[in-house]
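Here the protein sequences line up with chains A and B, keeping their order. Our numbering applies: residue 110 is where the first sequence begins, and numbers increase by one. Our numbering applies: residue 17 is where the second sequence begins, and numbers increase by one.
Be aware that a few hints might be false.
Only pairs whose alpha carbons sit at most 25 Å apart, straight line, appear in this in silico SDA-like list of lysine to any residue [as the list claims (entries may be wrong)]: (1) A/LYS439 with A/GLU223; (2) A/LYS200 with B/GLY62; (3) A/LYS191 with B/VAL104; (4) A/LYS200 with B/ARG77; (5) A/LYS191 with B/ALA39; (6) A/LYS213 with A/ASP381; (7) A/LYS200 with B/GLN86; (8) B/LYS106 with A/GLU144; (9) A/LYS379 with B/ILE31; (10) A/LYS191 with A/GLU380; (11) A/LYS230 with A/ALA437; (12) A/LYS191 with B/GLU64; (13) A/LYS191 with B/LEU49; (14) A/LYS213 with B/GLY62; (15) A/LYS245 with B/VAL81; (16) A/LYS230 with A/GLN340; (17) A/LYS200 with B/ALA50; (18) A/LYS191 with B/ASP21; (19) A/LYS200 with B/ASP85; (20) B/LYS106 with A/ASP392; (21) A/LYS191 with A/ASP392; (22) A/LYS561 with A/ASP535; (23) A/LYS191 with B/LEU28; (24) A/LYS379 with B/GLU32; (25) A/LYS200 with A/ALA243; (26) A/LYS213 with A/ASP392; (27) A/LYS213 with B/ASP21; (28) A/LYS213 with B/LEU28; (29) A/LYS379 with B/LEU70.
Just some of the chain A residues that point at chain B, by a computed CB distance under 10 Å [claimed, not checked]: (30) ALA143; (31) ALA149; (32) LEU156; (33) GLU181; (34) TYR193; (35) ASP197; (36) LYS213; (37) ASP250; (38) ILE257; (39) ILE477.
Since the hints were made in silico from the structure, they are not lab data. Beta carbons: idealized from backbone N, C-alpha and C, even for Gly.
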Amino acid sequence: MNRTDWETVIGLEIHAQLTTRSKIFSGASTAFGAEPNRQACAIDVALPGTLPVLNRGAVERAIRLGLAIEAEIAQRSVFARKNYFYPDLPKGYQISQYELPVVKNGAITVQVGEGEAAYEKTVRITRAHLEEDAGKSLHEDFHGMTGIDLNRAGTPLLEIVSEPDMRSAEEAVAYARALHALVRWIGVCDGNMQEGSFRIDANVSVRPKGETRLGTRREIKNLNSFRFLQQAIDYEVRWQIETLEEGGAVQQATVLFDPERGETRVMRTKEDAHDYRYFPDPDLLPLVIDRAWIEEVRASLPELPQALRRRLVEEHGLTPYDANLLTASKELADYYLTAVAAVDPVLAKPCANWILGELAARLNRSGIEIGESPVRPAHIAALARRVQDGTISHAGAKKVFEALWAGAGEDVDAIIQAQGLKQVSDESALEALVEAAIAANPKSVEEFRAGKEKALNALVGQVMKASRGAANPQRVTELLRRKLTA
Amino acid sequence: MPAIDLDRLAELARIELTAEHAAAFRADLERVLALVDRLQAVDTSGVEPMSHPLDLPQRLREDAVTEPDQRDVLLALAPAAENGLYLVPKVIE
């Protein structure tokens, strides 16, 4: 029997915590890290008689995201109660949206892979809806009881639900990363995954290649890093294929990923799946969003990463791969654009190379964010300019970069001067050095004339040495060749 | 009319039913479902689903922190509290 070829099908549900100052239905603060229950007001703890009042800022952020993914913004959407009992959910229900979400039918196109194998993938986004977060249960022992901190209760979330459009863990990670970059880009979510501001649930199933019906899915809950997303999907896919190939069946279930063991384990099966009994929340009227508001929000959006990527490829001549890297965050893109604005457009590529090469490596190694980089965009522009006009060699530019990084000065030309990195390109000075080298190394000269190309390198080396590295090696080579073949 | 799974409903509502209660609830729920059946029979095509009896849009508040810290007042209302936390019977899912 032929082994079956399997196809992986993945859909993601992502909870993005919105960057509002106050909660979605109350005026309590959302600041991270407060002492327990200092930011949980009467509404958040669900005292009888309190009523929710919707935060305009949360709605505005939902509209921003909706516009950024080219979705429909519902003119009328409805809040519903999702009913379940858990002590960190004091009302006994979560206010969410069910049948009529605020955002529906969007999509984003993402880059998957690198180099030759890179391709574009469009992932459709079914919906994004507003809801409130729950509090936190602390299970360490309080005389056999559980402690409840409700600071997080009522924090606004946008749940962004994709179609099952992804066909590999790589595509899922590329989509999650692109969405993560996008929500930060438009300022609706800080994207801090350690603090739980961006949490991913992955619905994963497999089916024989060519099959059009979906296989039975399992949902991996609460992944808080892209690495875990990749590992959890890889494990889950392997497990499902093995199970099916051994003649077993996949049961619909919710699973958790254990990063220590690198495997998923069942949290609950379909039999004990929750029945949330959604119904419209009578405490909240329908949310109505008029055209004027949508247009106002649209006008306030920055150029989006996808549009900028296209511009960097078409106008700046960068590769799609580099354009993708430079638009990974707004800070990085702004840094690049500031540098390029200061130079001739033909220097866009060298600027990109400096930023993605030397600078990215240094930032990475020292754990510094680009906003705090001691090497500023103006420095990158000056470096690119001085290499292009032949003032310094690339090796010299690296030394200037080191000096800038170490805070040795602000002015690139002054550093070049102080470190004697200026290349000698002056014909007569070079000519003197070249002639001296020829006179002092008859053996190399003879070898070169006898057809030994390598002998030329030795002569170039002599000239470079004599100039203490200041000669422009390209010009030296040209000059030597001319003199020796004359 | 769908069968009523009373145990499941009690579980979802986190209430404990005695046999006596169960019989009474079952009779009540059957009457409710009979009423729903009558409503289901009405032709509602072309009627927009109503999510709220008031024909008004939701009022919005500005995004500002307006609630002061009232932790001590609120914690004092709870049956048990310690270290700024509400305490509840141990739960582990």
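Hint check results:
1. A/LYS439 with A/GLU223: Holds, at roughly 21 Å.
2. A/LYS200 with B/GLY62: Violated, at about 35 Å.
3. A/LYS191 with B/VAL104: Given that 25 Å is the threshold and the Cα spacing comes to 22 Å, the pair holds.
4. A/LYS200 with B/ARG77: 21 Å, holds
5. A/LYS191 with B/ALA39: 28 Å, violated
6. A/LYS213 with A/ASP381: Cα-Cα ~30 Å, so violated.
7. A/LYS200 with B/GLN86: 19 Å, holds
8. B/LYS106 with A/GLU144: The hint holds at about 22 Å.
9. A/LYS379 with B/ILE31: 22 Å, holds
10. A/LYS191 with A/GLU380: 19 Å, holds
11. A/LYS230 with A/ALA437: 16 Å, holds
12. A/LYS191 with B/GLU64: 22 Å, holds
13. A/LYS191 with B/LEU49: With Cα atoms ~22 Å apart, A/LYS191 and B/LEU49 stay inside 25 Å; holds.
14. A/LYS213 with B/GLY62: The hint holds at about 23 Å.
15. A/LYS245 with B/VAL81: Distance ~21 Å between A/LYS245 and B/VAL81 Cα, so the pair holds.
16. A/LYS230 with A/GLN340: Answer holds: A/LYS230 to A/GLN340 is near 21 Å, not above 25 Å.
17. A/LYS200 with B/ALA50: 30 Å, violated
18. A/LYS191 with B/ASP21: 20 Å, holds
19. A/LYS200 with B/ASP85: 20 Å, holds
20. B/LYS106 with A/ASP392: 31 Å, violated
21. A/LYS191 with A/ASP392: Cα-Cα ~14 Å, so holds.
22. A/LYS561 with A/ASP535: 28 Å, violated
23. A/LYS191 with B/LEU28: Holds, at about 12 Å.
24. A/LYS379 with B/GLU32: 24 Å, holds
25. A/LYS200 with A/ALA243: Holds, because 10 Å separates the two Cα atoms, which is no more than 25 Å.
26. A/LYS213 with A/ASP392: 24 Å, holds
27. A/LYS213 with B/ASP21: 35 Å, violated
28. A/LYS213 with B/LEU28: This hinted pair is violated, its Cα atoms lying about 31 Å apart.
29. A/LYS379 with B/LEU70: 38 Å, violated
30. ALA143: OK, holds: A/ALA143 within 10 Å of chain B, min 9 Å.
31. ALA149: With Cβ-Cβ at 7 Å, under 10 Å, it holds.
32. LEU156: 8 Å, holds
33. GLU181: 18 Å, violated
34. TYR193: 8 Å, holds
35. ASP197: 9 Å, holds
36. LYS213: 16 Å, violated
37. ASP250: Since chain B brings a Cβ to about 8 Å from A/ASP250, closer than 10 Å, the hint holds.
38. ILE257: This hint holds: A/ILE257 lies near chain B, its Cβ roughly 4 Å from the closest one there, short of 10 Å.
39. ILE477: With a minimum Cβ separation of about 32 Å from chain B (threshold 10 Å), the hint on A/ILE477 is violated.
Taken one by one, the earlier hints fail for this structure at numbers 2, 5, 6, 17, 20, 22, 27, 28, 29, 33, 36 and 39, listed in ascending order.
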